[in-house]
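Using the sequences provided together with the hints, build the complete structure.
As a plain string of letters, each chain reads:
2 protein chains.
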Amino acid sequence: MAVPRERTPLYRQLAGHYRHAIDAGTLAPGDRMPSVRTLMERHQVSLSTALQMCRHLEAQGLLEARPRSGYFVRARARASLVPVAEPRPWMPDLLQYVGINQRVSSILARGLQADVKINLAVAHGSPSLYPVNALRQATIRALRDHPMLYGTPPPGGGEARFRAALARRALEARMNVNPEEIVVTHGCIEAINLALRAVAGAGDVVAVESPTYYALLQTLESMGMRALEIPTSPQTGISLEALELASETYDNIKAIIVVPHFQNPLGSVMPDSHKARLVTWAASRGIAIIEDDTYSALGDDGNVPAAVRSWDTTGNVIHCASLHKTLAPGMRLGWIAGAKWQGRVEMLKYAQTRPNEALAQIAMGEFIDSPRYDRHLRHLRAQLREHRAAMAEAIATYFPAGTRLTLPAGGLSLWVEMPGGVSSELLFDAALAKGIRVAPGSLFSNSARYDHFLRINGGQPFTREVDAAVRTLASEIARLLDTKR
Amino acid sequence: MAVPRERTPLYRQLAGHYRHAIDAGTLAPGDRMPSVRTLMERHQVSLSTALQMCRHLEAQGLLEARPRSGYFVRARARASLVPVAEPRPWMPDLLQYVGINQRVSSILARGLQADVKINLAVAHGSPSLYPVNALRQATIRALRDHPMLYGTPPPGGGEARFRAALARRALEARMNVNPEEIVVTHGCIEAINLALRAVAGAGDVVAVESPTYYALLQTLESMGMRALEIPTSPQTGISLEALELASETYDNIKAIIVVPHFQNPLGSVMPDSHKARLVTWAASRGIAIIEDDTYSALGDDGNVPAAVRSWDTTGNVIHCASLHKTLAPGMRLGWIAGAKWQGRVEMLKYAQTRPNEALAQIAMGEFIDSPRYDRHLRHLRAQLREHRAAMAEAIATYFPAGTRLTLPAGGLSLWVEMPGGVSSELLFDAALAKGIRVAPGSLFSNSARYDHFLRINGGQPFTREVDAAVRTLASEIARLLDTKR
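Protein chains in written order, with UniProt numbering: chain X, 1 to 485; chain Y, 1 to 485.
One thing to keep in mind: the hints can contain errors.
[Stated by the list, open to error] In silico contact screen, one side only, chain X against chain Y (beta carbon under 8 angstroms); selected entries:
(1) 150
(2) 152
(3) 189
(4) 352
Derived from the structure by calculation, the hints contain no laboratory data.
Built from N, CA and C at the ideal position, the CB exists for glycine as well.
Right, dumping it as structure tokens:
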């Protein structure tokens, strides 16, 4: 059985077992499921558990009930679904387009004004996936243990035990970071802001993955830096050939920002050989690497991949990360290790927001330093895997032919290419009118390259309502396709 | 009797009464205090209360005990203490000096390495002055009332009730701010960062008060902006004549930053007529005003002065403030109202650190929206007044002749000019070696203008240890003076 956990209800354990069989092809589309009576006998479970299991797999789109005949494995469209194409090489160009902030602001504003019932635009898990009660208790303990906490300014750099715990966790990604080098920040986004300010200034060129998350493009634009978009594989991440080529044309690249693992929005993972080559090459060219490692704990196989930083021997890799996606979307705790720019990073943090408040650090530090964090991560990964697969299935089943989709091996996002060049912003508005929010591909580049893509959240339980929302999206896409013909 | 409060012990109420009499001259230096027996009869108090009261006033430097004669009003040096001079007009110049960050970092680092026993370098009250228990309880309530708080990203702009409470409190400063215009930030320093980024860019000129708080100079330097230091009166704040004159020479001033009330480090307060004139003039010149209003609730008389923003009719004043100094130094909650730059401020906040976490906002919102905040502020003001006066007395008593000091009518800081051009950094190091930390004047300007000044914290109880520290400072200054001769 797949991932049996103490707290997992029996019907879900069973469902995992049969999902596995379906994934493996042991049960093929059109096959009849064992009858409820058979299930009860075979697994020694009650009628209610057997039924609940079947309904659960039905809700996930894996089974269908046929009147008076029982449950059958559903015909799955995934086989017909083509992964998103590898990027055709393009010469990275410094697009003159400025206005990503305006575009993002306008889309966020439309999203906020609408009455959104199903929000597929986010890039975090649903609240039920996070250990909110344990963190609340940890916070209350911290308040009791530190009665004068609110009376004294928080310690510079961060709270000692939290920094030590982060440094210990970094070992899992094969990094040796001194706790003193860790500067606690307001989420990974502040870490990225500080890293960029440390290594570059207005007018400088910064190489980024394409597509990349819009917060990064916003930050670059707000600092007057120029984003050089590098072709990026949905499988293996940034193209090193394209990057090396671009550096022949642009001799003023100051930094490269990479999300090596489960990249947002692609879900790509850089192979170790790429990371090693990138580190050596960037050091030889005097180009700083800024690594955003927010998602690396979210791989399906549970192995934390080695950070780019782990290959660094010259202090050329600034490591940025966050607990926002892995531990608590309601907390904004990130960190940065500034490598050879450490002094400047510390100064900028002090001048920008001062040290972070201590309370959250104490509470989170206690949690991540315990096996409870490991247990939580195992649970979170299993859930994300299930939710992501169910969402991919639904897209494969309902979206029009020609849709392309890569199912990543971890992370929170699905990156979907719509057929026929359907405009993601038209779809965004049409979906919003029906109470559904998605993230249009136009947010993820300064170019028009991804205008017919969508980022769909893979971090929420696949309920009947979500299923209905995916059907609605599918019919809106079909309608937009018709309009184009 | 002065400021009778429910929780004030009897001996402190009595002490306030006699302090008043001494302040008013009813009891003159050299006068004998009523005997302990007289005090007991006159006020119907116990022997212990009467004695405690006398010892308290002795500790504050107001009385001295003469063996077998009782307590006498101490000869006070304050009369001989000259206020800090009004600035001699200088032509504001764009100093080429860059390196305030290096200087600040070096001084902070030295301060952190040393074994500091008495820290007079801070600009906040001691922990005992803040309602830490009430805020802890409010936080625990917030955690109980919002069980899913840690599971969902915090709301954009800030938590609704907190913003509404801030808007209501702003009415006290005669401001009409829509709660929607309030963006919650990480302390006032993030608000100032956002305001500067909204109105200016690298290379631009920003007019500042001189002296000003070093965080501001750091922020400007870190953004590559140029600080134009304007002469500022210890009494009435920034010199409008000098500012107007400077604008004739520099036609590229993008913004003016003012701390209108109880300025850090001077303690100056701009008269209403100056604020009105500044607003009209700046609007006519197209120069943005950034108002840092962190200290306005800390006036001895308890009246919140009208914000500069309250005179604004053209959307030209960005208002920044914080609860860090008035409610909880351990919390980093500030806010900004972006006036005509609101859209850009919102975008920059989103790109820089994302919305603040909700927990602290809920807890603080509940507190500041209740009369408990008013009671706390009354208590805080009374305590600060007492601590500031005691510190000023001690400086007047112990520091060498020629020392100048202005006693502000509110706030947290004392600004002290040492005689004979004694170097504040030499004193800083000498004091640090004895476990005492002060803020050297060289931190408060890019010029050498304040190298012989000190900022001394006026926010901590004047204990025997603090008294001893001031004596030590005095003798170190005397020693440095001797060295110079």
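Hint check results:
Annotation: residue 150(X) was flagged as interfacial toward chain Y, and the flag holds, the nearest CB pair being 4 angstroms apart, inside 8 angstroms. Residue-level restraint check for residue 152(X) holds (minimum Cβ-Cβ distance to chain Y is 5 angstroms; threshold 8 angstroms). Satisfaction of the interface hint for residue 189(X) is found here, the shortest Cβ-Cβ separation to chain Y being roughly 6 angstroms, below the 8 angstroms cut-off. The criterion of a C-beta within 8 angstroms of any C-beta in chain Y is met by residue 352(X), whose closest approach is roughly 5 angstroms, and the hint holds.
Figure legend: structure checked against the earlier numbered hints; every hint is met.
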